[in-house]
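Kindly generate the complete structure, drawing on both the sequences and the hints.
Order-wise, the sequence lines are chains A and B.
Just so it is clear: in the first sequence, position 104 is 104 by the working numbering, and no numbers are missing.
The working numbering runs 487 ahead of the 1-based position in the second sequence.
Don't take each hint at face value.
[What the hints assert, rightly or not] With a straight-line cut-off of 27 Å between C-alpha atoms, the simulated DSS-like cross-links for lysine-lysine are:
#1 K286/A <-> K86/A
#2 K95/A <-> K527/B
#3 K95/A <-> K414/A
#4 K266/A <-> K527/B
#5 K529/B <-> K337/A
#6 K286/A <-> K261/A
#7 K496/B <-> K95/A
#8 K258/A <-> K278/A
#9 K513/B <-> K95/A
#10 K482/A <-> K16/A
#11 K16/A <-> K86/A
#12 K266/A <-> K513/B
#13 K579/B <-> K95/A
#14 K414/A <-> K512/B
#15 K527/B <-> K414/A
#16 K447/A <-> K38/A
#17 K380/A <-> K527/B
#18 K570/B <-> K337/A
#19 K496/B <-> K337/A
#20 K513/B <-> K380/A
#21 K278/A <-> K447/A
#22 K286/A <-> K450/A
#23 K99/A <-> K570/B
#24 K258/A <-> K391/A
#25 K529/B <-> K95/A
#26 K527/B <-> K391/A
#27 K513/B <-> K410/A
#28 K13/A <-> K59/A
#29 K447/A <-> K414/A
#30 K527/B <-> K99/A
#31 K513/B <-> K414/A
#32 K570/B <-> K86/A
#33 K391/A <-> K529/B
[Claimed, not checked] Here's a subset of chain A near chain B, in silico, CB distances under 10 Å, partners left out:
#34 V296
#35 V307
#36 I312
#37 L322
#38 R345
#39 T363
#40 R386
These are computed hints drawn from the structure, not numbers from a lab.
The C-beta atom is built at its ideal place from N, Cα and C for all residues, glycine as well.
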Amino acid sequence: MLNQLTISELAAKLAKREVSAREAVQSCLDQIQRVDGKIHAFISHDAADALAQADAADKLLIQAGSGASRSLLGIPVAVKDVLAVKNQPLNCGSKILGKFISPYDATVVEKLKAAGAIIFGRLNMDEFAMGSSTENSAFGITRNPWDAERIPGGSSGGSAAAVAADECLAALGSDTGGSIRQPAALCGCVGLKPTYGRVSRYGLVAFASSLDQIGTFTKDVRDAATLLRVIAGHDARDSTSVPQPVPDYSAALTGDIKELKLGLPKEYLIGGLDVEVKAALDAAVKQFEKLGAEIVEISLPHTDYAVATYYIIATAEASANLARFDGIRYGARVDGKDPVELYSRTRGAGFGPEVKRRIILGTYVLSSGYYDAYYLRAQKVRTLIRNDFLKAFEKVDAIVTPTSPTAAFKIGEKSDDPLQMYLSDIFTISCNLAGICGISIPCGFTKSPKLPIGLQLLGKPFGEETLLKIVHAYEMNTAWHKQKPAM
Amino acid sequence: MAAPEIDIKYVAHLARLHLTPDEEKKLGAQLGHILGYIEKLKELDVAGVEPTAHAVPMVNVTRADEVQPWLPHDEALRNAPAKANGLFIVPKIVE
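Below, the structure is given as structure tokens:
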């Protein structure tokens with residue numbers, strides 16, 4: 001079945017004309033038809049538009065040589081509902097955007113389309129990317145393909161579930177505190193969060209602007225390298241994107257990681273770490289040693305302060321970013337006698353509970369008299385957290401950790417306790433605060449029920465080549481990523 | 488360490504966010520709990536530490552002051568909840 005292939009496998013078949021892009025898209029649509037009633041990874045998808053794109057790709061594929069420069073010609077890629085795709089709906093998992101239709105393409109979407117990809121579907125997510133379980137969407141919850149009673153992680157839960165359930169070949173998501181890596185870990189796929197500034201965020205609805213980054217969900221590491229090469233690079237429309245050349249990430253996948261140094265941070269081996277997750281981490285570390293890497297114990301002394309720092313900075317930035325949803329220029333509106341009443345009613349009716357919680361918290365920490373005590377202090381602690389990483393990277397090439405302290409938890413288990421939910425991001429949050437790159441790959445399963453376990457590797461700023469090289473070498477010597485959920 | 492009491496009504500007004508009495512009650516309790524946790528940052532000595540606003544700071548990013556192509560007027564208004572004569576309709580601001 002074509003929907004089960006990786007990008008590189010399908011691209012080879014398309015190039016040889018063994019199959020058509022239309023057949024590839026149709027197999028994804030058939031799989032959505034078969035499993036998405038249960039999983040609900042997609043908020044919506046436009047089948048006719050996807051098939052029309054496929055037919056256009058097939059025309060180019062038939063003209064010998066015309067598609068040669070397009071690395072993704074005919075490859076179906078789905079996107080999180082936080083990225084603008086021209087003439088498609090954009091809701092961010094929220095009611096407040098109403099019937100919003102994007103008037104333009106996000107830069108990443110533009111780049112994927114230029115590379116020939118077929119962009120389809122709106123993948124479910126926690127409202128405005130706020131959450132770790134995809135239980136906060138106004139369009140209903142997404143379920144984990146490995147166990148429908150469990151959450152897929154979040155906030156990009158739809159992206160992770162869709163890739164794990166073979167409803168698309170790859171997907172895009174966004175990661176502000178772990179929103180790509182954590183769901184990738186819990187659903188058993190590869191989730192890459194590039195370095196802050198590596199990928200343009202033009203057309204990404206902003207949550208926390210100093211932390212947000214767009215990244216990929218794929219079935220293997222090679223596909224992550226292929227997609228990153230397409231979406232990375234400077235963009236004049238995003239003033240935070242960094243003018244640094246984009247290397248050929250696939251060329252870094254040599255399988256040779258001899259003499260590379262991997263750091264194991266002692267602060268990550270905490271009490272709440274599940275025994276099976278710990279065992280999978282230990283086995284992965286042994287595997288790296290077998291492949292010739294050197295394991296070094298390191299210290300990231302401010303780890304324990306990361307969650308608190310994050311929830312000040314992220315909510316403060318969100319409270320400012322989400323001010324734009326006021327019912328004036330777009331989205332839903334609830335009328336009022338004056339503008340302030342209109343804003344207040346529109347926002348009260350349009351935002352869900354988690355978004356309200358974070359807007360209130362963010363407004364509070366920025367409010368007069370509290371700014372220095374909360375926001376400024378958090379920014380200073382952020383410096384300490386970043387320095388921990390920069391110091392560690394003087395000694396090691398990458399850092400190995402679990403992605404999440406536990407495998408997927410049950411639906412509803414943490415939804416009444418926001419702080420417990422926030423603490424489930426404990427291993428992923430520091431990466432965003434430090435602005436470095438990170439990736440989660442499958443590294444094992446729990447026994448009963450059988451649920452995926454994720455391994456996280458963190459790399460130096462703009463160190464994606466080394467990061468991908470390391471996890472690719474691991475992947476070549478393990479078969480975790482090839483296992484599929486029985487649905 | 489105890490967190491300060493939040494005046495939810497006042498903060499909600501600052502955020503232009505209407506809350507029901509139930510929401511105010513629930514949020515007040517939850518935020519007290521979260522702020523209590525956040526208090527742990529006060530354990531750290533941050534004297535002399537520079538704040539980090541962006542991990543990869545980019546300074547004074549500008550472009551040439553030239554007209555660039557942008558959305559046509561009707562496209563920009565396409566998602567407006569209320570519009571007329573090529574303008575957004577808003578409630579009366581000045582009597």
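Hint by hint, here is what the structure shows:
no.	hint	result
1	K286/A <-> K86/A	violated, 47 Å
2	K95/A <-> K527/B	violated, 35 Å
3	K95/A <-> K414/A	holds, 23 Å
4	K266/A <-> K527/B	holds, 20 Å
5	K529/B <-> K337/A	violated, 43 Å
6	K286/A <-> K261/A	holds, 13 Å
7	K496/B <-> K95/A	holds, 23 Å
8	K258/A <-> K278/A	holds, 24 Å
9	K513/B <-> K95/A	holds, 21 Å
10	K482/A <-> K16/A	holds, 24 Å
11	K16/A <-> K86/A	violated, 31 Å
12	K266/A <-> K513/B	violated, 37 Å
13	K579/B <-> K95/A	holds, 26 Å
14	K414/A <-> K512/B	holds, 20 Å
15	K527/B <-> K414/A	holds, 22 Å
16	K447/A <-> K38/A	holds, 23 Å
17	K380/A <-> K527/B	holds, 14 Å
18	K570/B <-> K337/A	holds, 17 Å
19	K496/B <-> K337/A	holds, 20 Å
20	K513/B <-> K380/A	violated, 31 Å
21	K278/A <-> K447/A	holds, 13 Å
22	K286/A <-> K450/A	holds, 22 Å
23	K99/A <-> K570/B	holds, 15 Å
24	K258/A <-> K391/A	holds, 22 Å
25	K529/B <-> K95/A	violated, 37 Å
26	K527/B <-> K391/A	holds, 24 Å
27	K513/B <-> K410/A	holds, 23 Å
28	K13/A <-> K59/A	holds, 15 Å
29	K447/A <-> K414/A	holds, 22 Å
30	K527/B <-> K99/A	violated, 42 Å
31	K513/B <-> K414/A	holds, 16 Å
32	K570/B <-> K86/A	holds, 22 Å
33	K391/A <-> K529/B	holds, 23 Å
34	V296	violated, 24 Å
35	V307	holds, 8 Å
36	I312	holds, 6 Å
37	L322	holds, 9 Å
38	R345	holds, 5 Å
39	T363	holds, 4 Å
40	R386	holds, 6 Å
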